[in-house]
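Colleague: Which chain is which? The protein sequence lines are A and B, in order.
Under the numbering used here, the first residue of the first sequence is numbered 181, with each subsequent residue one higher.
Under the numbering used here, the first residue of the second sequence is numbered 181, with each subsequent residue one higher.
Derived by calculation from the structure, the hints in this document are not laboratory data.
Each hint should be verified, as a subset may be incorrect.
Which copy? The list can't say, so a pair holds if one copy fits it or any two copies do.
Said to hold, decoys possible - Below are the DMTMM-like pairs computed for lysine to aspartate or glutamate, each with C-alpha atoms no more than 20 Å apart in a straight line:
no. : residue 1 : residue 2
1   : Lys333    : Glu268
2   : Lys217    : Glu393
3   : Lys217    : Glu418
4   : Lys333    : Glu418
5   : Lys333    : Glu393
6   : Lys194    : Glu385
7   : Lys203    : Glu271
8   : Lys333    : Asp301
9   : Lys203    : Asp351
10  : Lys217    : Asp237
11  : Lys194    : Glu207
12  : Lys202    : Glu385
13  : Lys203    : Asp301
Protein chains: 2
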Amino acid sequence: MTDHAHALTRAEQKRVRELHSKKGRREHGAFLVEGRKSVLELLASDWPVLAVYATHDAAPGFHAAASARGLEVISVSTGLLTSLSTFEHNEHALAIAGQRTASLQPLRAGELTLALDDIRDPGNLGTIWRLADWYGVRQIVCSATTSERSNPKVISASMGSFLRVPVVEVDLPLWLASQRQAGTPVLGAVLDGESAHAAGKPWREGVLVIGNESQGLSPAVAAQLTRRLSIPRFGQAESLNAAVATGILLDGWRRQLAG
Amino acid sequence: MTDHAHALTRAEQKRVRELHSKKGRREHGAFLVEGRKSVLELLASDWPVLAVYATHDAAPGFHAAASARGLEVISVSTGLLTSLSTFEHNEHALAIAGQRTASLQPLRAGELTLALDDIRDPGNLGTIWRLADWYGVRQIVCSATTSERSNPKVISASMGSFLRVPVVEVDLPLWLASQRQAGTPVLGAVLDGESAHAAGKPWREGVLVIGNESQGLSPAVAAQLTRRLSIPRFGQAESLNAAVATGILLDGWRRQLAG
Numbered sequence: 181m182t183d184h185a186h187a188l189t190r191a192e193q194k195r196v197r198e199l200h201s202k203k204g205r206r207e208h209g210a211f212l213v214e215g216r217k218s219v220l221e222l223l224a225s226d227w228p229v230l231a232v233y234a235t236h237d238a239a240p241g242f243h244a245a246a247s248a249r250g251l252e253v254i255s256v257s258t259g260l261l262t263s264l265s266t267f268e269h270n271e272h273a274l275a276i277a278g279q280r281t282a283s284l285q286p287l288r289a290g291e292l293t294l295a296l297d298d299i300r301d302p303g304n305l306g307t308i309w310r311l312a313d314w315y316g317v318r319q320i321v322c323s324a325t326t327s328e329r330s331n332p333k334v335i336s337a338s339m340g341s342f343l344r345v346p347v348v349e350v351d352l353p354l355w356l357a358s359q360r361q362a363g364t365p366v367l368g369a370v371l372d373g374e375s376a377h378a379a380g381k382p383w384r385e386g387v388l389v390i391g392n393e394s395q396g397l398s399p400a401v402a403a404q405l406t407r408r409l410s411i412p413r414f415g416q417a418e419s420l421n422a423a424v425a426t427g428i429l430l431d432g433w434r435r436q437l438a439g
Numbered sequence: 181m182t183d184h185a186h187a188l189t190r191a192e193q194k195r196v197r198e199l200h201s202k203k204g205r206r207e208h209g210a211f212l213v214e215g216r217k218s219v220l221e222l223l224a225s226d227w228p229v230l231a232v233y234a235t236h237d238a239a240p241g242f243h244a245a246a247s248a249r250g251l252e253v254i255s256v257s258t259g260l261l262t263s264l265s266t267f268e269h270n271e272h273a274l275a276i277a278g279q280r281t282a283s284l285q286p287l288r289a290g291e292l293t294l295a296l297d298d299i300r301d302p303g304n305l306g307t308i309w310r311l312a313d314w315y316g317v318r319q320i321v322c323s324a325t326t327s328e329r330s331n332p333k334v335i336s337a338s339m340g341s342f343l344r345v346p347v348v349e350v351d352l353p354l355w356l357a358s359q360r361q362a363g364t365p366v367l368g369a370v371l372d373g374e375s376a377h378a379a380g381k382p383w384r385e386g387v388l389v390i391g392n393e394s395q396g397l398s399p400a401v402a403a404q405l406t407r408r409l410s411i412p413r414f415g416q417a418e419s420l421n422a423a424v425a426t427g428i429l430l431d432g433w434r435r436q437l438a439g
């Protein structure tokens, strides 16, 4: 056992809790990864990890993975771990991850880039991230007004997908304009477009833009679309949740690639 | 103006706030409907409404719809409305709705009943409700362990769909067994079933069962399935959010009905 069973100093505790806020995450260039599964996935990845905290009971389960990275697991009480965590209750583990910058890759045939125009709800952003990972989307771009990617609710809802699918912040209207000029299809989810079920003109690659939860696509972004897609409606609900709409469109994209 | 601009008594305020808890909702047989759009949809429906509260600014916008039901809009300050509401901020309106019981209808050709096996997250339940409404699912059944339907987060996430799609609580394994015995297909979303994209054997009607967010289908429910469906995966995420999976499967169902 290399358990580091020391009591955390008040200064150390404060430093971890500063990562609960956007300001703190920016200042420290770090963010929290919480829960057993996410911490294990983080340790197994090549993402930078600065520290790992676990409860006395759970700590042994993280030793091997932490050691492989030259890290010690700092073992604390469940009460202390919960107080360091943004979870209501955390009886497993919490890690501090460093920031990593990603760059955009050119799009290849049969590939899709997901573009997020002002997705505000952290749960939606995390769920969309996980969906991109499920459907093999290699990268995501987002507007500056999109929910902060290192928000603990985003990281938690992404279920480890933040480790696999890079998100790059761009000036979305300008970036879409450059894609369009390069001949890349720019598809957008709207309420009054052509049916995403129509089999006539499949879309195999391009950029798929998802708009804000209540406002939809901003006018500057909508102006860059080369194709406007809608999910057919058969009942009376007025709209779909943004993450659900993303899932349905990505599923339709994969059906087309196979068809 | 028939504005009822009286100050609410402490007892009245307490009665409204009791509806924030499950216990209070059960005792009063009533629940909260919050926000401008949901209150307007409620008033326009035939659902029982017991009271309507709105801010001084917003109250005039609710008069016509309330009057048509013989109700007065009780006009209050934004501070008081917010304190009566479960929203962090409510500057529009809040209504108290009565409970209504629904009964199950026999399934017709080309119809789907959605069955929820222990969906615990109120946001997921509301989103699934809205999806059922979008895709023209006429009814939902759920297990007793499913999130309470009158929870304000569920009502809010359902975006008015609670007015249109009845949810009936059943003993799910027993009810599914009876459906199966009657020859109704019982389809379930699982991680290791046949591909939901496979075009070979379409499913046009039946019961579609969605399992718990982290546990999936309970064994007693899984034992009743006549067909096990999976959403094909193309990347590395381990699972999909329950509401997203429901949306993808309902979209696939409608593609099949059209195909």
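Colleague: Work down the list of hints and note, for each, if the structure agrees.
Modeller: Cross-check of the supplied hints:
| no. | hint | result |
| --- | --- | --- |
| 1 | Lys333 / Glu268 | both (12 Å within a copy, 18 Å between copies) |
| 2 | Lys217 / Glu393 | between (29 Å within a copy, 15 Å between copies) |
| 3 | Lys217 / Glu418 | between (36 Å within a copy, 11 Å between copies) |
| 4 | Lys333 / Glu418 | between (27 Å within a copy, 18 Å between copies) |
| 5 | Lys333 / Glu393 | both (17 Å within a copy, 16 Å between copies) |
| 6 | Lys194 / Glu385 | neither (47 Å within a copy, 56 Å between copies) |
| 7 | Lys203 / Glu271 | neither (26 Å within a copy, 29 Å between copies) |
| 8 | Lys333 / Asp301 | both (9 Å within a copy, 15 Å between copies) |
| 9 | Lys203 / Asp351 | neither (22 Å within a copy, 49 Å between copies) |
| 10 | Lys217 / Asp237 | within (15 Å within a copy, 49 Å between copies) |
| 11 | Lys194 / Glu207 | within (13 Å within a copy, 44 Å between copies) |
| 12 | Lys202 / Glu385 | neither (35 Å within a copy, 48 Å between copies) |
| 13 | Lys203 / Asp301 | within (18 Å within a copy, 29 Å between copies) |
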